[in-house]
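So the sequences go chain by chain: U and X.
The first sequence begins at 1 in this note's numbering and counts up by one.
The second sequence begins at 390 in this note's numbering and counts up by one.
Take the hints with a grain of salt, since some may be wrong.
[Claimed, not checked] Below, a sample of chain X positions facing chain U; criterion: calculated Cβ distance under 7 angstroms:
| # | residue |
| --- | --- |
| 1 | Asn-584 |
| 2 | His-601 |
| 3 | Gly-607 |
| 4 | Ala-609 |
| 5 | Ser-711 |
To be clear, the hints were calculated from the coordinates, so they are not data collected in a lab.
The C-beta atom is built at its ideal place from N, Cα and C for all residues, glycine as well.
Protein chains: 2
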Amino acid sequence: MQLLETAFWSAGGSRHVMAERLGFSKSKANTLIAGLIDQGMLAEYGMQPSSGGRRAENLQLNAGLGALIGVDIGATSLDVAILRPDLTLLAQHGEAADVRQGPGVVLARVRTLMRELLTQSGLSAKDVLGVGIGVPGPVNFAIGQLVSPPLMPAWDSFSIRDYLREEYAAPVFVDNDVNLMALGELWRLRRSLSNFLVIKVGTGIGCGIVCHGEVYRGAAGSAGDVGHICVDQEGPRCHCGNVGCVEAMAAGPAITRMAVDAANAGESAALAACLREKGRIEATDVGEASRAGDAAANGIIQRAGNLIGQMLASVVNFFNPSHVFIGGGITGIGPLFLAAVRQSVYQRSLALSTRHLEIQYTPLGMQGGVIGAGVLALHETLKVRGVAP
Amino acid sequence: MQLLETAFWSAGGSRHVMAERLGFSKSKANTLIAGLIDQGMLAEYGMQPSSGGRRAENLQLNAGLGALIGVDIGATSLDVAILRPDLTLLAQHGEAADVRQGPGVVLARVRTLMRELLTQSGLSAKDVLGVGIGVPGPVNFAIGQLVSPPLMPAWDSFSIRDYLREEYAAPVFVDNDVNLMALGELWRLRRSLSNFLVIKVGTGIGCGIVCHGEVYRGAAGSAGDVGHICVDQEGPRCHCGNVGCVEAMAAGPAITRMAVDAANAGESAALAACLREKGRIEATDVGEASRAGDAAANGIIQRAGNLIGQMLASVVNFFNPSHVFIGGGITGIGPLFLAAVRQSVYQRSLALSTRHLEIQYTPLGMQGGVIGAGVLALHETLKVRGVAP
């Protein structure tokens, strides 16, 4: 249903504006909109500023349609959120988690959090319109299952959808975590960009692809698996079996390893102090040391940024996106990382590909995952119900 | 117009089949088809085999709509063809050319060939429905101009469209040569594949991308510029200014250079003999020596194939296509090259990306360029006329 689609992606508008966007006559739009309001799909909210005469109404998806649950399962974290149909947050909770504990342990915790957050929001399972779940591995989107996920072998072919079916009558949709970040940004942008990438740098490195205005998942659902692109033929061996994968050399664990090495080699008083006090060094600690002017920390961030930029240069030459948004845990590391990525991309990509290219941190930040999961839940639920194209 | 689109992409069918494909009622389809036949857009050809009762008609685009001209300008070659609306060839001519001579020289020759081939086909300029032209550089598709083409600097911002406007009333469309190869294969496949790549290896290396069932050109029209992806950080300097670009190390000129080196170093009697007799060695000569069992030639082909496979591995990890079709001058070099490409891709890409991946030479072969140009001409002309979506 084009009207609902427009109301959702454009975050509302007047009857007049919607009719114009869709090229419908005023009377056709009015009839269709009246029908959708009767069905409880659309509702009028607030008032739009108007240039004169009576103030125009603002049509949006009916908030009474129900709540959405967005879940973002990372390799080492877990975020659950309850969202309204306009994607604003009703309740949210995030905590550390270890995805390698397997689906039994992790999903039991997800289920508990879902219940608690619904109760907090004054809702129950029957108020749920749809559930969206992001996972850090390749997903067969049609059947909602992970396929040979390297970071989480115990999840191979596990049906998250079946696991939640008993508790929720609402449909459950599963996608790769970075695809959901891309979907979230696409929604934030009101689809004003058609061809862009979202790179997530955390425990691993993944890429969400938006092509022709839609999230692109590839022939087998593994598109965007950029973590194993080779950036050094003489590089260290990766868990995938190949050498010099960018993920093995520049993701979170590699940054931590370089920092521990620098601390132990006496190259950085700040990192050595951190290691002594906390017993470990995280990427954010390296960022903090860098901001305080620590040369070793700066060197590590520069090296990681350059390697990721080198991988990105190949991807930019191939895909020619208008924007690259970088998200995930790495965003806490500060501006030096972004500068190093940019330097490497601009140096290695063709002029035409980078002339108008923008590289920045993801505007939705750490909420991108759950918001994207909410977008997935709503959009796919409307499709399943036959009211969205 | 969905019906014309279907008739074109599906190479015809009965009223019944077309109505079914589009989800139209039988009576709606009949009315629309009668209208299009009246307008001279569709016509009935031959007869479809039928399972019983009267034999079904075969509706296709009306051959009387006019002829298409497809032009494929390569770095070192020039192909012009006159095609029917069903993309069968009426006349074709190919010859060596040097694109660096600039648009004046090259397009004057194109214009002469267009006239000659039309005459041969018993047609004149007024019978031309549309013209499609492929060029070996990045194109701003909307305005039909080349943008900073590295192989053909004299063509920068030159309007091929304006050049031909005096002679032909028909619209002229310009696109990158590899995009047209991809469009040609998409047509050959009747759009049965949605996500695949066409790699052209000749003087340079380029890639045509089909994504979500459409040719993807990127944010600035430079998508698929894979020739400058780095495959060796210690590699030789490329004309683009960077080092280790796959184009500098594995395209036609690199193969020739390696062959001349092998001949001069006394590593290959066959290549030395070729150099002595012809004064030069071409990629096809290396292929011939390889098929005759020459070890040096085999080594050169294997090395070029492995380097291109290494670049492709990155692209396959990122894009997860179902098929990669390899075309261009390299296809004359024989099966060993394809085997080396495959070996490299399967070794370096993730299992999920390659599980169902097929890598083969382009089925349309050397005619892919002019056929793709014909598809572009017809499809865009129908769009301009407001009868195709």
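A quick look at each hint next to the structure:
For X/Asn-584, the interface hint holds, since its Cβ comes within 7 angstroms of a Cβ in chain U; the closest pair sits about 5 angstroms apart. For the restraint placing X/His-601 at the interface with chain U, the shortest Cβ-Cβ distance is roughly 5 angstroms, inside the 7 angstroms limit, so the hint holds. At about 3 angstroms, the closest approach between the beta carbon of X/Gly-607 and any beta carbon in chain U falls short of 7 angstroms, and the interface hint on this residue holds. With a least beta-carbon distance of about 6 angstroms to chain U, the hint placing X/Ala-609 at the interface is held under the 7 angstroms criterion.
For X/Ser-711, the interface hint holds, since its Cβ comes within 7 angstroms of a Cβ in chain U; the closest pair sits about 4 angstroms apart.
Against the hints set out earlier in the document, no violation occurs for any number.
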